[in-house]
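Protein chains: 2
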Amino acid sequence: MSKKNAFYAQSGGVTAVINASACGVIETARQHSDKIGKVYAGLNGIVGALREELIDVSQESTETIAALRHTPSGAFGSCRYKLKSLEQNRAEYERLIEVFKAHDIGYFFYNGGGDSADTCLKISQLSEKMGYPIQAIHIPKTVDNDLPFTDNCPGFGSVAKYVAVSTKEAALDVASMCATSTKVFILEVMGRHAGWIAAAGALAQEQEGDAPHIILLPEVAFDKEKFLAKVQQTVADNGYCVIVASEGAQYEDGTFLADAGSVDAFGHKQLGGVAPTLAKMVKNELGLKYHWALADYLQRAARHIASATDVEQAYAVGKAAVEAAIAGKNAIMPTIERNGSSAADYSWSIGEAPLSEVANVEKFMPEEFITADGFGITQAGRNYLEPLIQGEDYPPYKNGIPQYARLKKVLVGKKLEKGFDVL
Amino acid sequence: MSKKNAFYAQSGGVTAVINASACGVIETARQHSDKIGKVYAGLNGIVGALREELIDVSQESTETIAALRHTPSGAFGSCRYKLKSLEQNRAEYERLIEVFKAHDIGYFFYNGGGDSADTCLKISQLSEKMGYPIQAIHIPKTVDNDLPFTDNCPGFGSVAKYVAVSTKEAALDVASMCATSTKVFILEVMGRHAGWIAAAGALAQEQEGDAPHIILLPEVAFDKEKFLAKVQQTVADNGYCVIVASEGAQYEDGTFLADAGSVDAFGHKQLGGVAPTLAKMVKNELGLKYHWALADYLQRAARHIASATDVEQAYAVGKAAVEAAIAGKNAIMPTIERNGSSAADYSWSIGEAPLSEVANVEKFMPEEFITADGFGITQAGRNYLEPLIQGEDYPPYKNGIPQYARLKKVLVGKKLEKGFDVL
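Order-wise, the sequence lines are chains A and B.
Take 0 as the starting number for the first sequence in numbering that gives the first Met the number 0 and just add one per residue.
Take 0 as the starting number for the second sequence in numbering that gives the first Met the number 0 and just add one per residue.
In case anyone wonders, no lab produced these hints; they're calculated from the structure.
Cβ atoms here follow ideal geometry from the backbone N, Cα and C, with glycine treated the same way.
Any given hint could be a false lead.
[As the list claims (entries may be wrong)] Incomplete in silico selection of chain B near chain A, CB under 8 Å: (1) Val46; (2) Val164; (3) Lys167; (4) Ala174; (5) Gln389; (6) Gly399.
[Claimed, not checked] Which bits of chain A does chain B cover? Going by a derived footprint, with three or more residues having C-beta under 8 Å, they are: (7) 160-169; (8) 288-296; (9) 300-310; (10) 390-398.
Excised from the complex, chain A in its bound form (with noise of 0.2 Å):
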């Protein structure tokens, strides 16, 4: 195997810990330099390449590479920007080798979701077919752990954490203040079509009783009558309930709650989403006091409190990725393999799946994970939920705020003639 060059991207949404796999990839191409030449990163992810905007990694020091480890966000930037078909454009996909030739990249590592292994996937095919072979592997990443194969997805595991612990902390809040003051209250997270990140906030609860007391799931048609029903026991109960609410739940129709809003005065479409919507919900038919918190890119940058196993298994793919490709291997993805039925007995190690069964397939919640009423999460749920979150993996701080990686961010100079135009 002659010694090649390697290209790394970070691709759609950033994670707590996608850049802990970039560290898992970087360190381990710099323990293999007899077989890895420069490691090539892609200013903006893919862009980068198209552009032939190549960060050039060995300008960065050893110890910028660790502290990678602990850096929340994509440090190299990445992009929403799926490429088109091989039929629509080809002409994107024999660009991108054609700058991995002029640089003579041999492998090529695709940090990303579903979208991201198929394009990982065509790489690895068309590059065969234009006679410059290229490894092409897949590093999985989503805060939406909707990736096949794999046991869970690097960068769930924090965004979990994040909205178990905000989840239990803020019904305290809403405990102490029920006599008086607010009785409900809602935490709208992230999760579109799957509801990981909403069951994820049952890991809240500790004893019956617990909150939340109601978690609303993409996966489960949003019933308004059996909701406020619910909402009012909850209150008559307890003294307050505390809901968790996916982004994408939504009616039996299909349509999302967050656009069965309305325009407001000026006609525009009332901004916000789920939460104030259920907020006007509880309000208006229920006449109970409300406060609802939107989480946002707070929740999947929230490095300061990631889960330690994640950030463990983030940077294992990264490093798997890279023995894969050493090893000959392409058009593959390394996984994460669970062992153990709960948290007590819970272990894990890495396999891998072929790139050909990954590419643009959604992993939604099992139904024998949702309650029987739908709003809650089972033994069996939390079962798989719990061992995912384990273990506190602190960033260090100084002056009160914690220290993240800046990188320097030199490009290597261009050696096509040629620019692309892209977005």
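Starting from the known structure of chain A, arrange chain B on it as the hints suggest.
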């Protein structure tokens, strides 16, 4: 001095560290069992005293009381209940004093903000007149940091740290996505009248150009054109713009941005607040993609990322309150006194202020803390804020979740024949 029982109550919006003050009160009282008999706590604050619902704190174990130090929210229950003026409802004050007399309570520790300082003062005065003198000590607590005399309020440092850390993390997220996605991010934080909490967002800045790029304070009249120009310029310069906005941000005429929104198609006032109002401006006038978060209770409940300085100070004012009572003091509030001019040489000690001067005075951000353009914090402001978020004080975890105190809340038998209508 004869041995008397003590009464402790939590008042108003809770914080991440008000229970640390409770811990300081109870542990110190237990150390002085020769002077202080039992400690009773009001179930749901002063409402518990009016109803004669007193929690017998002696039923709680040493371990549980110690755990209060790392437990957010009001463990005994708090309330939003402002006693009317003496002229308007003398009966309430007389009832309190009757309850205290019935349970041989000679010390009243009231843990709250400006309103509760006022109540505390009146109890002290009226009890004297009624021939059953009670030593009333106010223990400062507000996330709003708006009490006079004390350099800062316990509760503020932790919300400040939460906002600074969250701003830093969310900003990294936006920075990594801005090439193809979100360009403007808005975090709405608490602070209806004073901008201290939003100002703390500035502590996320470690280098020139760091987020947040715009801070909106209630103290600075909102100018839409100037705001939009600043957003546009920031996006042009950095690729993205991060805004921390006080819920109390307002126009020159005093209209809150949160209220300046509109009614929906059904004529209901639009829910939400400052963040969606700003987001709509950014979208409609600049056409930029935005995201926003509403931290709500998450910010003041976030014990998992509390400031160690804040926790120590919260404990210290509780301890000092009991020591002051034992020393025979009355109608005072322990304060935090600052030494040093910045975080580098910061130290603090406990002082005291007479309640007659504390009650019902609000402290706003001084002009010299706000930059000339009104969108940022000066070095003087930073020097004030930075020491308050120093140090981390992590709670213990089990199964990935913080372990917070659970009280038994055993109520003392009632001694008065009559009940009292409250609420």
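Hint by hint, here is what the structure shows:
{"no.": "1", "hint": "Val46", "in the structure": "6 Å, holds"}
{"no.": "2", "hint": "Val164", "in the structure": "5 Å, holds"}
{"no.": "3", "hint": "Lys167", "in the structure": "6 Å, holds"}
{"no.": "4", "hint": "Ala174", "in the structure": "7 Å, holds"}
{"no.": "5", "hint": "Gln389", "in the structure": "5 Å, holds"}
{"no.": "6", "hint": "Gly399", "in the structure": "4 Å, holds"}
{"no.": "7", "hint": "160-169", "in the structure": "holds (count 7)"}
{"no.": "8", "hint": "288-296", "in the structure": "holds (count 7)"}
{"no.": "9", "hint": "300-310", "in the structure": "holds (count 6)"}
{"no.": "10", "hint": "390-398", "in the structure": "holds (count 5)"}
Hint compliance for this structure: every hint is met.
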